[in-house]
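Peer 1: Residue numbers (the UniProt record's numbering), protein chains in the order written: chain A, 1 to 428; chain B, 1 to 428; chain C, 1 to 428; chain D, 1 to 428.
Please note that the accuracy of each hint is not assured.
Copies of the same chain look alike in the list, so a pair counts if it fits in one copy or across any two.
[Claimed, not checked] The calculated DSS-like cross-link candidates involving lysine-lysine, where the alpha carbons are at most 30 Å apart (straight line), are:
id	residue 1	residue 2
1	Lys-395	Lys-233
2	Lys-38	Lys-111
3	Lys-233	Lys-345
4	Lys-99	Lys-403
5	Lys-111	Lys-385
6	Lys-398	Lys-345
7	Lys-65	Lys-359
8	Lys-283	Lys-41
9	Lys-398	Lys-233
10	Lys-426	Lys-362
11	Lys-393	Lys-111
12	Lys-233	Lys-426
13	Lys-295	Lys-73
14	Lys-233	Lys-73
15	Lys-403	Lys-30
16	Lys-362	Lys-385
17	Lys-345	Lys-226
18	Lys-65	Lys-130
19	Lys-332	Lys-136
20	Lys-407	Lys-233
21	Lys-226	Lys-359
22	Lys-362	Lys-345
23	Lys-73	Lys-136
24	Lys-359	Lys-385
25	Lys-73	Lys-130
26	Lys-359	Lys-345
27	Lys-233	Lys-362
28	Lys-426	Lys-407
Because the hints were derived from the structure by calculation, they are not lab data.
Number of protein chains: 4
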Amino acid sequence: MNRNELYQTPPMGWNSYDYYDTTVNEEQVKANADYMAKNLKEFGWEYVVVDIEWYAYDAGTQRDKYQYIPFWKVEIDEYSRLLPCVDRFPSSADGRGFKPLADYIHELGLKFGIHIMRGIPRIAAHNHMKLLDSDKTANEIANPSSICDWNPDMYGVNVDMEEAQGYYNSIFELYAEWGVDFIKCDDICRYDQPSARREIEMLHHAIEHCGRPMVLSLSPGPALIKEAWHYEKYANMWRITDDFWDHWPLLKNMFERCELWQKHVAEGSYPDCDMLPMGYLGKGFGEERYTNFTKEEQITMMTLWCIFRSPLMLGAELTKLDDWTLNTLTNKEVLHLLAHSYGAKQVMRDEEQAIWFSKDTKEEVYYLALFNLSDDIRNISIDAKELEINSFKGKQLKEFWSKEIEKGLTDIFETEVSVHGAKLFKIC
Amino acid sequence: MNRNELYQTPPMGWNSYDYYDTTVNEEQVKANADYMAKNLKEFGWEYVVVDIEWYAYDAGTQRDKYQYIPFWKVEIDEYSRLLPCVDRFPSSADGRGFKPLADYIHELGLKFGIHIMRGIPRIAAHNHMKLLDSDKTANEIANPSSICDWNPDMYGVNVDMEEAQGYYNSIFELYAEWGVDFIKCDDICRYDQPSARREIEMLHHAIEHCGRPMVLSLSPGPALIKEAWHYEKYANMWRITDDFWDHWPLLKNMFERCELWQKHVAEGSYPDCDMLPMGYLGKGFGEERYTNFTKEEQITMMTLWCIFRSPLMLGAELTKLDDWTLNTLTNKEVLHLLAHSYGAKQVMRDEEQAIWFSKDTKEEVYYLALFNLSDDIRNISIDAKELEINSFKGKQLKEFWSKEIEKGLTDIFETEVSVHGAKLFKIC
Amino acid sequence: MNRNELYQTPPMGWNSYDYYDTTVNEEQVKANADYMAKNLKEFGWEYVVVDIEWYAYDAGTQRDKYQYIPFWKVEIDEYSRLLPCVDRFPSSADGRGFKPLADYIHELGLKFGIHIMRGIPRIAAHNHMKLLDSDKTANEIANPSSICDWNPDMYGVNVDMEEAQGYYNSIFELYAEWGVDFIKCDDICRYDQPSARREIEMLHHAIEHCGRPMVLSLSPGPALIKEAWHYEKYANMWRITDDFWDHWPLLKNMFERCELWQKHVAEGSYPDCDMLPMGYLGKGFGEERYTNFTKEEQITMMTLWCIFRSPLMLGAELTKLDDWTLNTLTNKEVLHLLAHSYGAKQVMRDEEQAIWFSKDTKEEVYYLALFNLSDDIRNISIDAKELEINSFKGKQLKEFWSKEIEKGLTDIFETEVSVHGAKLFKIC
Amino acid sequence: MNRNELYQTPPMGWNSYDYYDTTVNEEQVKANADYMAKNLKEFGWEYVVVDIEWYAYDAGTQRDKYQYIPFWKVEIDEYSRLLPCVDRFPSSADGRGFKPLADYIHELGLKFGIHIMRGIPRIAAHNHMKLLDSDKTANEIANPSSICDWNPDMYGVNVDMEEAQGYYNSIFELYAEWGVDFIKCDDICRYDQPSARREIEMLHHAIEHCGRPMVLSLSPGPALIKEAWHYEKYANMWRITDDFWDHWPLLKNMFERCELWQKHVAEGSYPDCDMLPMGYLGKGFGEERYTNFTKEEQITMMTLWCIFRSPLMLGAELTKLDDWTLNTLTNKEVLHLLAHSYGAKQVMRDEEQAIWFSKDTKEEVYYLALFNLSDDIRNISIDAKELEINSFKGKQLKEFWSKEIEKGLTDIFETEVSVHGAKLFKIC
């Protein structure tokens with residue numbers, strides 16, 4: 001079955017990174033999954049993703065010096081494949097890996113995802129560890145010059161060796177056995193090297209080889225626009241910025257990124273605006289906080305992500321979600337766009353404001369998003385001719401966040417938008 | 001009326017540059033227009049475009065030293081607006097400009113286009129010439145630091161002055177009076193400067209202001225992919241490469257360009273693969289020749305341009321067209337794709353071959369183009385699953401150049417393609 | 001006679017730019033020359049240099065919009081050679097050029113210099129003006145693509161044409177007739193183009209051809225270190241930074257530049273730290289002010305320029321010099337280094353301090369400069385071994401600004417230096 | 001004692017790399033040392049340097065795949081310090097290291113050098129090995145992101161940790177015990193990173209700390225001209241090109257490098273033109289050959305290296321030296337320049353020829369080198385005025401390679417130079 005047909009709408013879920021950094025454990029993952037099943041699942045949220053260094057012992061214990069402790073103990077099987085750290089994921093003991101946790105999540109009606117780093121563990125190369133079904137050993141497929149700038153765990157592989165594909169196949173076979181539905185592969189997206197291209201292809205082939213459908217998500221950004229065709233062919237989502245956090249300049253900058261990538265949104269292949277830093281964040285980083293975004297900024301973020309059709313991944317600790325945030329994440333009309341905003345395009349953008357427009361994939365209705373990027377309350381006006389509808393006369397405009405309805409009276413529509421805020425209209 | 005709705009299919013026409021360089025005259029333009037009206041018009045060919053330096057005296061007479069003679073006499077009116085060189089365009093005498101020539105072409109049922117350089121003539125600035133309906137003079141709006149790398153005629157304008165927009169308005173008013181339908185603006189497309197953005201917008205506003213619809217075509221390439229949204233908003237076509245000539249490596253390279261721009265083809269806004277260097281070329285450059293492209297390469301070029309939906313502009317001297325070339329340019333089935341290839345995308349590309357696929361905008365038929373980029377005859381095979389059709393079984397494949405029809409038998413289709421050649425199939 | 005032997009010590013003088021910008025006139029130049037002859041000459045100050053656009057009419061009258069009014073009237077002779085603007089330099093009337101002013105300055109026992117821009121006036125090219133002793137005209141030697149980024153007056157020349165050398169010869173013949181002793185050529189120093197190399201060589205040949213010795217000074221900076229050999233061969237001084245002004249970060253940065261260029265100081269060829277922005281500055285820029293440098297910073301500047309052996313060019317309006325500044329500029333012991341600091345080298349530099357050391361060219365004495373680059377008073381210590389003298393024991397250290405004398409007692413010498421200040425010792 | 005005073009003339013010696021690559025063994029080193037002692041020592045040749053990977057087992061055995069076998073066995077002591085591979089250096093067994101070999105070489109009246117890579121062995125970091133006199137372990141000082149592009153053995157150190165300096169101290173203590181006189185440190189010279197600066201300083205401090213004088217030689221090139229002051233302060237020699245081999249374009253290019261660095265030659269600090277690829281070369285690379293350089297090219301190389309005062313390191317297998325090569329390497333008059341060419345400077349250089357000139361440090365004689373860089377026999381002429389001597393009249397010119405003597409007759413001297421050849425004159 002075609003890869004893209006599996007993912008006709010952008011993936012929605014939760015990711016452990018923004019709150020836990022490297023420290024998340026099994027109990028915490030389950031608690032978030034429980035919350036999702038109970039409160040979010042019915043709105044389309046379904047992926048539960050364990051982010052970076054689930055294989056690492058003592059993760060987060062030297063946070064003053066390192067985000068990732070170099071040269072440290074990792075859980076690894078005899079075939080150079082990383083396994084969950086048993087200290088944090090006790091159900092993984094005795095070689096069970098993530099299967100018990102994945103089973104738990106599947107029973108909740110949800111899907112399970114993990115983060116991996118491109119390549120093979122450095123320690124496997126230095127110790128000449130075995131590879132599954134191969135006469136070669138890890139040192140023979142590891143490329144000693146291919147490292148990640150910011151994480152010390154892996155070597156890239158020698159992309160011309162079939163045993164390197166074999167290694168990727170061997171880890172995806174394991175993930176398939178566990179029941180993994182989503183792979184976020186890191187250190188693979190923003191580099192301008194032929195070998196990065198090749199390792200993306202190897203991941204794709206390993207997923208096909210294992211037989212279990214898995215979303216392939218590439219990090220970190222910013223992805224390279226000149227590689228767009230390649231991402232679209234081999235991956236399902238790819239990050240269009242570096243790590244996104246609760247800081248207004250980063251959100252404002254996302255409009256520039258979405259301008260760049262707007263033509264590249266398609267079924268099964270999604271430019272990714274990164275996780276939503278809402279609710280409580282940062283505990284694993286040593287600075288637990290409630291999001292720095294104002295409510296208006298969160299409305300702006302949700303509006304942009306949904307009309308653009310970015311994947312939606314929650315960064316918040318779900319068990320601490322407040323009512324306002326939960327409501328914001330479960331606005332059915334807004335989330336409808338995530339699946340059904342078609343041909344979304346930026347109509348205009350300057351330093352003060354941005355306007356986006358799209359059609360519904362099924363109905364004869366249009367969507368219009370008005371964003372105030374300035375630091376003052378602002379009237380934003382738009383001429384219907386710019387939108388390829390002739391006039392607003394006789395049209396109804398329903399705003400999805402406030403539920404207010406306005407009648408179009410002339411060719412021009414104008415409305416007040418709050419500081420850093422947004423309005424999202426259905427026009428019919 | 002919306003700009004893009006005017007140009008629902010890529011413009012098709014003839015341009016004087018490839019054969020005449022800067023030297024074309026009125027008689028020659030008319031002869032080419034006559035030929036087009038008689039032999040090509042019924043197939044959709046309609047624009048007749050006079051390329052660079054129609055205002056320059058003695059153009060081409062110092063070709064050993066200069067392509068563009070610097071600091072030389074140009075025809076210019078009292079308001080700093082360039083007019084056709086009367087030596088070469090005698091009907092333009094007495095301030096009639098290109099109106100008589102445009103009338104002639106319109107009477108043939110064709111459309112008329114001209115090339116311009118961004119900015120205002122240097123000589124107007126140095127002589128403090130007047131501007132239409134303005135108290136300012138040319139020196140006040142000319143930017144002495146904004147020049148073209150390769151042509152000495154113009155200064156860019158001071159983009160923050162409204163009189164600069166006024167100057168652009170004044171020249172487009174003149175072009176509208178003449179009856180110009182197509183503007184190819186040069187020295188504006190490949191630069192990564194805010195002022196280039198601004199001058200593109202000024203051209204757009206000047207077209208809107210003059211009230212006559214005109215195709216806005218931007219040169220030279222390669223256009224910048226990060227400016228795609230801006231080109232799409234303000235122009236109708238923009239060059240995706242530097243000047244394209246009859247040299248195989250340039251044609252092979254176009255596949256890389258089309259990969260990059262494939263998502264950006266839309267009604268009224270077309271990435272432009274540049275003129276078709278077929279037939280007789282190069283006389284004005286001092287090296288008249290029959291195209292260096294083999295027939296196979298020309299088939300490859302036409303197939304790529306049409307499935308991708310590039311504008312088609314003929315570089316050949318039309319009065320010297322041979323039968324083979326004329327037939328190639330008037331293959332109705334192939335040209336049908338130019339208007340009706342929808343969602344065209346590259347399926348694969350490597351050093352040896354490329355495959356493209358699209359749907360028809362109206363019928364339930366598909367198009368498949370197989371390109372042999374290698375230097376050997378090659379069997380190219382394709383799995384239907386890669387094309388989002390399930391199988392070739394029971395399907396009919398009609399090749400548009402040979403008119404041969406094959407029956408699909410399995411999930412895979414394989415066929416032999418000649419060196420540097422292409423096959424273009426309709427699948428139904 | 002060898003070029004470099006003429007200038008065995010770095011040139012010292014005054015330049016009109018820092019105070020007058022483009023506006024200086026004959027009376028003002030004379031007033032500054034008079035002051036120099038009376039108060040500064042005996043200390044070695046001798047050049048009086050008229051900086052940019054002495055040929056331009058209305059210079060400075062549109063300062064809100066332009067530093068250099070584009071496309072404006074200039075004084076020019078029939079052979080495309082710029083002459084002084086008669087409005088500002090009345091003695092130049094009737095084709096006398098700068099000869100009367102140069103004579104005046106020479107009679108004071110001083111030397112006369114002018115600023116020129118690389119190339120030929122744009123207006124000469126556009127008007128096809130004549131060239132001295134040539135059948136060619138200005139348009140034939142002007143390069144329409146070679147312009148200055150920041151000044152609109154000139155086109156560079158076609159460096160492969162002997163008539164271009166002829167044009168440079170013709171202007172230097174004129175300058176020789178006038179009695180010019182110093183040429184500051186602008187728009188020629190920081191560019192990484194083969195043609196910049198060639199125009200420097202043309203200037204050199206034109207000086208040789210005219211027969212009158214002239215210092216050749218190149219601007220603007222920063223000069224390119226990889227071109228050092230070329231500057232040394234063809235010029236006498238070249239700017240190692242962009243324009244230098246009375247702003248501490250620029251002065252602090254000069255230490256980095258001097259580190260880079262320290263090995264390239266030699267008789268007749270001097271890396272140039274640019275003019276000394278002391279006293280009153282900025283009138284022509286519309287912001288007349290007393291220098292923003294503190295006294296300590298000025299001591300630092302003079303100490304660095306002198307031990308490094310930069311040319312010394314005063315930016316101040318001399319007629320307004322206060323006693324402190326005049327004393328600082330006429331410290332004979334400090335100025336002695338300008339001529340006699342040999343093998344000066346940076347001993348150390350970090351963000352807080354810098355140390356320089358040199359020998360005297362004639363006596364067995366050493367110079368030691370200690371600079372406090374930090375924002376606090378600071379004890380600076382230095383081990384004699386770092387200086388290639390074995391110990392300070394028994395040595396006398398005389399500080400040249402305070403005239404205080406200290407006795408060295410150990411291998412280490414330590415002294416307190418004020419914020420942004422310097423001490424300069426003679427060790428004997 | 002001052003570092004630079006130890007090395008008043010450029011080091012001369014032999015290096016194992018060009019012939020043996022990574023494979024050299026004790027017997028081979030001794031044979032070359034024996035030859036040097038017998039045939040070369042009296043002419044100043046004295047260093048015997050064991051190049052890269054003397055610590056590696058099986059070095060060179062996988063030459064089809066790797067120059068440096070990654071993740072392979074190395075000889076290492078308990079404190080993370082590499083030791084010689086006992087297989088190749090049997091006298092190093094039982095922890096004796098290079099002491100027996102160094103003793104052997106010292107007894108011949110020669111000096112002993114080794115190559116090292118910047119940093120600490122990767123295997124030490126992964127195995128948490130101990131550090132001498134420290135509570136920290138190797139993993140704590142290794143920087144997992146600091147690797148060499150082309151060699152897989154080491155990690156750079158965390159330059160802000162004093163234990164990192166401690167590690168460098170510990171290895172240099174060992175080298176001092178062994179009797180090492182020369183350290184060629186690799187992967188440290190051409191990078192534009194603050195940490196590279198810091199590791200150079202650490203090497204310098206480690207040499208000072210160990211108390212034994214050692215030449216500090218930095219590789220690979222090209223060194224950065226903007227770092228010249230830093231190299232001069234902390235090192236004795238640094239490579240000004242990437243690896244130099246017996247290929248004319250590389251030799252021709254060296255003239256450009258020497259132009260750039262000519263002002264930076266000083267006692268104890270030498271820009272390094274790299275090893276002399278003469279005689280038999282390349283065995284360890286699998287392509288043993290007699291040098292590709294013609295005799296004329298070798299004369300050119302020796303002349304340039306000597307007048308410029310580059311260190312001289314022989315790449316040849318000494319035991320196979322032929323008479324011509326031996327004679328070329330032992331021309332006393334030419335080698336005299338290596339020590340006594342003062343103020344050497346390029347007089348001119350273009351694509352066809354180059355001229356260098358210098359004075360003797362002690363006598364009132366001058367040196368003049370004429371190089372024919374073209375592919376034809378060429379008369380090269382030089383005007384005495386360009387050389388700061390007034391005339392050749394009455395002067396004697398002795399050519400050092402041919403021993404021929406000419407009398408100067410006029411201001412100009414002209415002589416024929418063979419293709420790619422050189423002449424080197426003493427003028428007195």
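Peer 1: For each hint, tell me whether it holds in the structure or not.
Peer 2: Verification of the hints:
1. Lys-395 x Lys-233: Classified as between: cross-chain Cα gap 25 Å, same-chain 40 Å, threshold 30 Å.
2. Lys-38 x Lys-111: within (14 Å within a copy, 65 Å between copies)
3. Lys-233 x Lys-345: Cα proximity of Lys-233 and Lys-345: in one copy and across copies (22 Å, 11 Å).
4. Lys-99 x Lys-403: For Lys-99 and Lys-403, neither the intra-copy (44 Å) nor the inter-copy (57 Å) Cα distance is at most 30 Å.
5. Lys-111 x Lys-385: Cα proximity of Lys-111 and Lys-385: across copies only (27 Å, versus 44 Å in one copy).
6. Lys-398 x Lys-345: Classified as within; 19 Å inside a copy, 36 Å across copies.
7. Lys-65 x Lys-359: neither (50 Å within a copy, 48 Å between copies)
8. Lys-283 x Lys-41: For Lys-283 and Lys-41, the Cα distance is within 30 Å only inside one copy (25 Å; across copies 69 Å).
9. Lys-398 x Lys-233: Answer is between: at 27 Å across copies they meet the 30 Å cutoff, but 37 Å inside does not.
10. Lys-426 x Lys-362: both (13 Å within a copy, 28 Å between copies)
11. Lys-393 x Lys-111: neither (46 Å within a copy, 36 Å between copies)
12. Lys-233 x Lys-426: Answer is between: at 23 Å across copies they meet the 30 Å cutoff, but 32 Å inside does not.
13. Lys-295 x Lys-73: neither (42 Å within a copy, 59 Å between copies)
14. Lys-233 x Lys-73: The answer is neither: 36 Å in one copy and 42 Å across copies each exceed 30 Å.
15. Lys-403 x Lys-30: neither (35 Å within a copy, 63 Å between copies)
16. Lys-362 x Lys-385: Both, since 22 Å and 26 Å are each at most 30 Å.
17. Lys-345 x Lys-226: This pair counts as both: shortest intra-copy Cα distance 20 Å, inter-copy 15 Å.
18. Lys-65 x Lys-130: Cα proximity of Lys-65 and Lys-130: across copies only (20 Å, versus 32 Å in one copy).
19. Lys-332 x Lys-136: neither (53 Å within a copy, 57 Å between copies)
20. Lys-407 x Lys-233: This pair counts as between: shortest inter-copy Cα distance 28 Å, intra-copy 43 Å.
21. Lys-226 x Lys-359: For Lys-226 and Lys-359, both the intra-copy (27 Å) and inter-copy (24 Å) Cα distances are at most 30 Å.
22. Lys-362 x Lys-345: Result: close both inside a copy and across copies, 17 Å intra and 24 Å inter.
23. Lys-73 x Lys-136: both (24 Å within a copy, 17 Å between copies)
24. Lys-359 x Lys-385: both (15 Å within a copy, 29 Å between copies)
25. Lys-73 x Lys-130: both (18 Å within a copy, 17 Å between copies)
26. Lys-359 x Lys-345: For Lys-359 and Lys-345, the Cα distance is within 30 Å both inside one copy (10 Å) and across copies (22 Å).
27. Lys-233 x Lys-362: both (26 Å within a copy, 26 Å between copies)
28. Lys-426 x Lys-407: Classified as within: same-chain Cα gap 12 Å, cross-chain 47 Å, threshold 30 Å.
Taken one by one, the earlier hints fail for this structure at numbers 4, 7, 11, 13, 14, 15, 19, listed in ascending order.
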